[in-house]
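Using the sequences and the hints given, assemble the complete structure.
These protein sequences, in sequence, are chains A and B. When you line the first sequence up against the numbering used here, it's residues 988 to 1427, in that order. When you line the second sequence up against the numbering used here, it's residues 278 to 534, in that order.
Certain hints may be false.
[Unchecked claim] Derived lysine to aspartate or glutamate pairs resembling DMTMM-like cross-links, with alpha carbons at most 20 Å apart:
| hint | chain 1 | residue 1 | chain 2 | residue 2 |
| --- | --- | --- | --- | --- |
| 1 | B | 323 | A | 1166 |
| 2 | B | 323 | A | 1165 |
| 3 | B | 324 | A | 1180 |
| 4 | A | 1267 | A | 1150 |
| 5 | A | 1164 | A | 1268 |
| 6 | A | 1258 | B | 527 |
| 7 | A | 1169 | B | 301 |
| 8 | B | 323 | A | 1180 |
| 9 | B | 324 | A | 1175 |
| 10 | A | 1415 | A | 1323 |
| 11 | A | 1164 | A | 1152 |
| 12 | B | 323 | A | 1168 |
| 13 | B | 324 | A | 1168 |
| 14 | B | 324 | A | 1166 |
| 15 | B | 324 | B | 527 |
| 16 | A | 1216 | A | 1309 |
| 17 | A | 1124 | A | 1203 |
| 18 | A | 1346 | A | 1323 |
| 19 | B | 323 | A | 1175 |
| 20 | A | 1258 | B | 413 |
| 21 | A | 1095 | A | 1153 |
| 22 | A | 1124 | A | 992 |
Keep in mind that the hints were calculated from the coordinates and are not lab data.
Each chain is listed here by its residues.
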Amino acid sequence: MHGTDPGFLQSIGTFLGFYYLFISLMNSVMALYLWGKKGRPDLAIAVLVLFAVPFLMLSPFALSGQPPGLPTWFTDTVNAAANAVVYTALTTGALVLLYLCRSFFVRKDVAWVMLNVALLLMGLSMTNQNFALIVTKPDNVPIVGLVFLLGFFTWLATAKAVENDDRIARGLGPAEKDDNEKVLVWPDLVYTELICMVALTAFLLVWAIGLPAPLEEPASSVKTPNPSKAPWYFLGLQEMLVYYDPWMAGVVLPSLIVFGLMAIPYIDFNKLGNGYYTIKERRFSYLVFQIGFLDLWVTLIILGTFLRGPNWNFFGPYEFWDPHKVLALNNVDLSEYFWVRGLNQGLPRAPVDADGLTKFLYILLRESPGIVLVLLYFLALPPLLATTIFRRFLAKMGFIRYMVLANLLLFMAALPLKMILRWTVNLKYLVAIPEYFLNF
Amino acid sequence: MSLGETIRNSQIWKSVFRHPMPLDRRNRIVVMLTNFFLHLHPVSMKKQGIALSYTWCMGGVTFFLFLVETVTGVLLMFYYRPTLEWAYNDILALRDVTSLGILRELHRWGAHAMVITVWLHMYRVFLTGSYKPPREFNWVVGVILLLLTLLLSFTGYLLPWDQLAIWAITVGSNMARATPILGYEGPLQQLLTVEGIDMISDASDARFGLLGARFVGEETLNRFYVLHCVGIPLAVSLLLAIHFWRVRKDGGISGPL
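Structural data, given as structure tokens:
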């Protein structure tokens, strides 16, 4: 929608009213806990004044159909500034910042403020009809849940890792070691499991009653919806299609993800960090995994779900999904850069009556710049890395393990590299051989 | 003797439960050893291993969701017919007419939740380094289970036979067309040319094998239905058994040495 439906604010207002009430209640419980259990009335009052009361006051406005929203200049600016480059730079930058300043972000007060700010921003954004339309699509709701769950568990794991790293530095060993006392599984674990099951059943029932499963028009193989999207957990792969052809994005890279995950225990030779949270003791494997999981897998899913609209165009979070939005595509193959723009001549082309072998050789010649680059990347880099930054790795791992690791890393890096090449020099393919469906 | 005691002393009760009530230390140990369902667990474990802040309980939650999906799925199978004529109408009836049509919501949201929890489980296992020796192989089994969870969800996505379903599967399965060598629009597919005849066509390539047809149609619905209800669940059940067994054999839940 360009404007806002009159009925929309009323209906979303009811939801937001209860949403703000819930957040207020959540903060009140936290205040009670801080005051009663922790003996910190100062913190309790801060939580009440900063969060519980303001959220409580937002609730009646929302319930009466006037939920506070974001100013137009803000949503317009965000929409105008947003594109795939900005999104990737911001998410990557945020993750780097979170990692570097982790001992600050794992503080409980900081985390609590961040949670409340995120919830407030979510509430304010929901009054934007374009935003609400995408976020409340039934199949997208789980991803909203995933974002908050991942945020929480990443925080929890980082907090424990920071604590352990600190303890290890002081020579104490990980905190998990202190809980060495043995307890009986009945009742300690069995009851925890029972409570988990009951709580989860209740949660699922509430979810099922509150949110009907989606059911669209009957299937029709002639009416193609725009955008056509795969199920949400494959949208990271679908997003890769922007940069790679289906044989890479849909077959080779997913297979390598599965293979690479399976290979982790066999290529991670670091014996430390087995059975407790730590970052410093296994910085390399930690960073590689987090780049792969948080920065490449999850952020691409969020991008593909919430920010990719008709024709797989990028849309800002508050932007109307206009199917007529046209973005100029002026991507250029490397071969054209080399032959046409660099050497000022036409692409090498076989004579029309040439036999198959000649044609093949002409294709190789045409694509030789890209082929050389790709071969250098996959064949020259592993030995080069082995003699420089990975020297210790090769010595510890042996040849085969090292080659598996190096190739997996190179394939993983191929995605961000291609993204950067696309954004900076509009590169379409390094190697473009449509004759054999082989575009890379 | 109270009624409860009478029941617990009856021959029937004693024949079902091979142990007295687990009220004292001895019987709390006996119950773990003699009860079929409980014997998956050890008798005792380190306190750290049952701390929610350490395990997040995500593996257990994923398994519980698998059970929820199995139960609701079997019940849904009583209503749902995987044919072009009935598939969509049966889902429509589940929404509008059938009592307990909420089973479909439970099944769908449980499936989404299961995908999320299985990722979180993997995340926790990675962050605690629990894949390290001696648990390497169990991590591999876990990766396969994760893949099968996604495939379960993917095959189930088609069954409502609405626009959402058919196009999500079309987009997803179009990838198979580009499989190197085996897809008819894949790189190097010309390699499989025998005496001038191209063996890989749109009626014989990897995508055709997945869909059972050139496009997502009734054959696909049937194929995905069987995979969703029988094939993949059987594979998952076997791997789950191995996964749990290996957790015990590899030294129980991980922890600092």
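Structure-based check of each hint:
Of the pairs offered as hints, the one joining residue 323/B and residue 1166/A holds, with about 7 Å between alpha carbons and a cut-off of 20 Å not exceeded. A hinted pair counts as satisfied when its Cα atoms are at most 20 Å apart, and residue 323/B with residue 1165/A qualifies at roughly 10 Å. For the given pair, residue 324/B sits about 15 Å from residue 1180/A by alpha-carbon distance, which is consistent with the 20 Å threshold. A distance of roughly 11 Å separates the Cα atoms of residue 1267/A and residue 1150/A; the hinted pair therefore holds under the 20 Å criterion.
About 16 Å separates the Cα atoms of residue 1164/A and residue 1268/A, which keeps this hinted pair within 20 Å; it holds. At roughly 16 Å between alpha-carbon atoms, residue 1258/A and residue 527/B fall within 20 Å of each other, so this suggested pair holds. About 16 Å separates the Cα atoms of residue 1169/A and residue 301/B, which keeps this hinted pair within 20 Å; it holds. For the given pair, residue 323/B sits about 16 Å from residue 1180/A by alpha-carbon distance, which is consistent with the 20 Å threshold.
Proposed proximity of residue 324/B and residue 1175/A is supported: the alpha carbons are some 9 Å apart, at most 20 Å. Straight-line distance between C-alpha atoms of residue 1415/A and residue 1323/A comes to about 10 Å, which keeps the hinted pair within the 20 Å bound. The hinted pair formed by residue 1164/A and residue 1152/A meets the criterion: a straight-line CA distance of about 13 Å does not exceed 20 Å. Between residue 323/B and residue 1168/A the CA atoms are separated by roughly 6 Å; this keeps the pair inside 20 Å, and the hint holds.
Between residue 324/B and residue 1168/A the alpha-carbon distance is near 6 Å, which keeps this suggested pair within the 20 Å criterion. Of the pairs offered as hints, the one joining residue 324/B and residue 1166/A holds, with about 5 Å between alpha carbons and a cut-off of 20 Å not exceeded. Note on residue 324/B and residue 527/B: the hinted pairing holds, with a Cα-Cα distance of about 18 Å set against a maximum of 20 Å. With a CA separation close to 16 Å, the supplied pair residue 1216/A and residue 1309/A stays within the 20 Å bound.
Between residue 1124/A and residue 1203/A, the direct Cα distance comes to roughly 12 Å. Compliance with the 20 Å bound is thereby established for this hinted pair. At roughly 18 Å between alpha-carbon atoms, residue 1346/A and residue 1323/A fall within 20 Å of each other, so this suggested pair holds. A C-alpha spacing of about 11 Å is found between residue 323/B and residue 1175/A, which places the hinted pair at or below 20 Å, so the restraint holds. A C-alpha spacing of about 12 Å is found between residue 1258/A and residue 413/B, which places the hinted pair at or below 20 Å, so the restraint holds.
Proposed proximity of residue 1095/A and residue 1153/A is supported: the alpha carbons are some 17 Å apart, at most 20 Å. Between the alpha carbons of residue 1124/A and residue 992/A the distance comes to roughly 17 Å, so the proposed pair stays at or under 20 Å and holds.
Of the hints listed earlier, there is not a single one the structure fails to meet.
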